[in-house]
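2 protein chains.
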Amino acid sequence: MSFESFFPVWDKLNTIQRNRILSGLITRQVKKGTVIHNGSMDCTGLLLVKSGQLRAYILSEEGREITIYRLFDMDMCLFSASCMMRSIQFEVTIEAEKDTELWVIPAEIYKTIMEESAPVANYTNELMATRFSDVMWLIEQIMWKSLDKRVAAFLLEEASIEETNELKITHETIANHLGSHREVITRMLRYFQSEDMVKLSRGTVTILDEKKLEALQDA
Amino acid sequence: MSFESFFPVWDKLNTIQRNRILSGLITRQVKKGTVIHNGSMDCTGLLLVKSGQLRAYILSEEGREITIYRLFDMDMCLFSASCMMRSIQFEVTIEAEKDTELWVIPAEIYKTIMEESAPVANYTNELMATRFSDVMWLIEQIMWKSLDKRVAAFLLEEASIEETNELKITHETIANHLGSHREVITRMLRYFQSEDMVKLSRGTVTILDEKKLEALQDA
Chain H
1 MSFESFFPVW
11 DKLNTIQRNR
21 ILSGLITRQV
31 KKGTVIHNGS
41 MDCTGLLLVK
51 SGQLRAYILS
61 EEGREITIYR
71 LFDMDMCLFS
81 ASCMMRSIQF
91 EVTIEAEKDT
101 ELWVIPAEIY
111 KTIMEESAPV
121 ANYTNELMAT
131 RFSDVMWLIE
141 QIMWKSLDKR
151 VAAFLLEEAS
161 IEETNELKIT
171 HETIANHLGS
181 HREVITRMLR
191 YFQSEDMVKL
201 SRGTVTILDE
211 KKLEALQDA
Chain X
1 MSFESFFPVW
11 DKLNTIQRNR
21 ILSGLITRQV
31 KKGTVIHNGS
41 MDCTGLLLVK
51 SGQLRAYILS
61 EEGREITIYR
71 LFDMDMCLFS
81 ASCMMRSIQF
91 EVTIEAEKDT
101 ELWVIPAEIY
111 KTIMEESAPV
121 ANYTNELMAT
131 RFSDVMWLIE
141 QIMWKSLDKR
151 VAAFLLEEAS
161 IEETNELKIT
171 HETIANHLGS
181 HREVITRMLR
191 YFQSEDMVKL
201 SRGTVTILDE
211 KKLEALQDA
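Protein sequence lines correspond, in order, to chains H and X. Residue numbers 1 to 219, in my numbering, belong to the letters of the first sequence in order. Residue numbers 1 to 219, in my numbering, belong to the letters of the second sequence in order.
By construction, these hints were calculated from the structure, which means they are not laboratory data. Among the hints, erroneous ones may be present.
Copies of one chain are not kept apart here, so a pair can be met inside one copy or by any two copies together.
[To be verified] Keeping only pairs whose Cα atoms sit at most 25 Å apart, straight-line, the calculated DMTMM-like set for lysine to aspartate or glutamate is:
(1) K168 to D11
(2) K12 to E166
(3) K145 to E172
(4) K145 to E183
(5) K145 to D134
Just so you know, these numbers come straight off a predicted model, no measurement behind them.
Start from the sequences and build out the full structure, keeping to the hints where you can.
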C-alpha cells in the first residue's frame with residue numbers, strides 16, 4: 001500500500017501540499033529494539049507506521065520506564081515531532097517493539113501545512129485527543145488500580161496483540177511497561193503461577209487461565 | 001475587559017464567525033465550590049476564565065479525586081466541551097476553587113468554527129498540548145516522586161497562588177488534589193510540623209520554613 005492511502009487527510013490536501021509532503025518523505029525500516037526517537041535528540045518528525053509496532057514511554061532520572069502508549073499499523077506519532085508545537089513541554093522516547101516499516105514526515109513540512117490547512121489541524125487535534133485519552137486511562141490505572149490488576153490486564157493485552165498465550169517477554173520488560181520494578185513483577189507472576197493463572201519458564205509467560213485473569217482484571 | 005480581548009485568536013476570525021460566537025456566548029458567575037462541569041452532564045461548552053480559579057479533576061469509582069490541572073485568569077478549558085471531538089474518551093469534573101466569572105462558548109458553535117478555521121484549530125491544538133504537558137508532568141510526579149516531595153510542592157504552589165504562607169486548606173482538600181487519603185496527608189503534615197517546616201491549626205497550614213520545603217521538593 002502507498003503512503004497516500006495511509007495518510008488520513010490526503011484527499012483534503014491540495015497539489016502543492018501533497019508534493020511538499022511527498023518530496024520530504026522518508027521511508028525507514030527499523031529492527032526490533034531500535035530507539036527511533038528520544039527527547040534529547042533533534043525533532044525526528046511525524047512517524048506513520050506502515051507495519052510493525054512502536055512503544056512510546058517516559059524515563060525517570062534513575063532510568064525507570066513507563067509505557068505511555070503503543071502504535072500499530074497505520075497509527076501516527078505526533079510527539080516525535082514535538083518541536084512543531086511550542087506547548088508540548090514533555091519528552092517521550094519511541095522504540096520499535098517489532099521490526100517496523102515507517103514513514104517519517106519532517107516536522108517543518110507538516111507544521112507549515114498544518115498552519116494553513118484546517119483539515120490537517122483538526123486531524124492533528126483528534127490525534128492528540130486520542131493520545132490524551134490513552135494517558136488519562138493510564139493515570140486512572142496508576143491511581144486507582146492495584147498492581148495485580150494492571151499485570152493481569154497487561155498480560156491479556158499482550159496475548160491479544162501477539163495472538164498467542166505463550167508470551168516471550170521478560171519480567172524486566174513487563175516492569176518497564178508498567179513503571180514498576182522487576183522484583184515486584186516477579187513476585188506478582190509467582191503468585192499468579194501459584195493460583196494456576198500462568199506458567200513461568202525462562203523468558204516466557206504462558207497464560208493458562210484467561211478467564212481467571214479477566215476476572216482479576218475486572219474485579 | 002471585553003471577551004474580544006480575552007479570546008486568543010479573535011483577530012483571525014471573520015465577521016460571520018465573530019457574530020456567531022458573540023450571539024451564542026454565555027456569561028456566568030459561579031460561587032466557590034460550584035461544580036461547573038461533570039462528565040455525566042451534557043456538553044457544557046468551552047470555558048474562558050475572566051477572573052477566579054477553576055480546578056479540573058478525575059474521580060475514581062470510590063469517589064477519590066486527583067487534580068489534573070488548574071485554570072486561572074484568561075485560561076481556556078477545552079475538556080468541558082469534550083463532545084466536540086470524538087477522540088476525547090475521558091471525563092473530567094470542573095469545579096470553582098474561588099468565586100469565578102467566566103464565559104461559556106457553546107461546543108457546537110466552537111466546533112463549527114474550528115472545522116473551517118485553521119487558526120482556531122491550531123490554537124485548540126496548542127491548548128490541548130498545554131494540558132497534555134500538565135498531565136505528563138503529573139504522571140512523572142505520581143510515578144517517580146515520593147509523597148513528601150509532592151506535598152511540599154503542593155504547599156509551595158498554594159502559597160504562590162494565594163500569595164500568603166497561611167493557607168486555609170483542609171487535609172482532605174490536599175488529599176483530593178494529590179489523589180491521596182486524608183489520613184496519609186495528616187501524617188505527612190505532622191511530620192513536616194515536627195521538622196518545623198509548617199505549623200498546623202484547625203483548617204490552616206502555615207508555612208514556617210519555605211527554604212526547607214523547597215529543599216525537600218527538589219531533593
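Going down the list of hints, with the structure as the test:
| no. | hint | in the structure |
| --- | --- | --- |
| 1 | K168 to D11 | neither (41 Å within a copy, 56 Å between copies) |
| 2 | K12 to E166 | neither (44 Å within a copy, 56 Å between copies) |
| 3 | K145 to E172 | both (20 Å within a copy, 21 Å between copies) |
| 4 | K145 to E183 | both (19 Å within a copy, 20 Å between copies) |
| 5 | K145 to D134 | both (15 Å within a copy, 22 Å between copies) |
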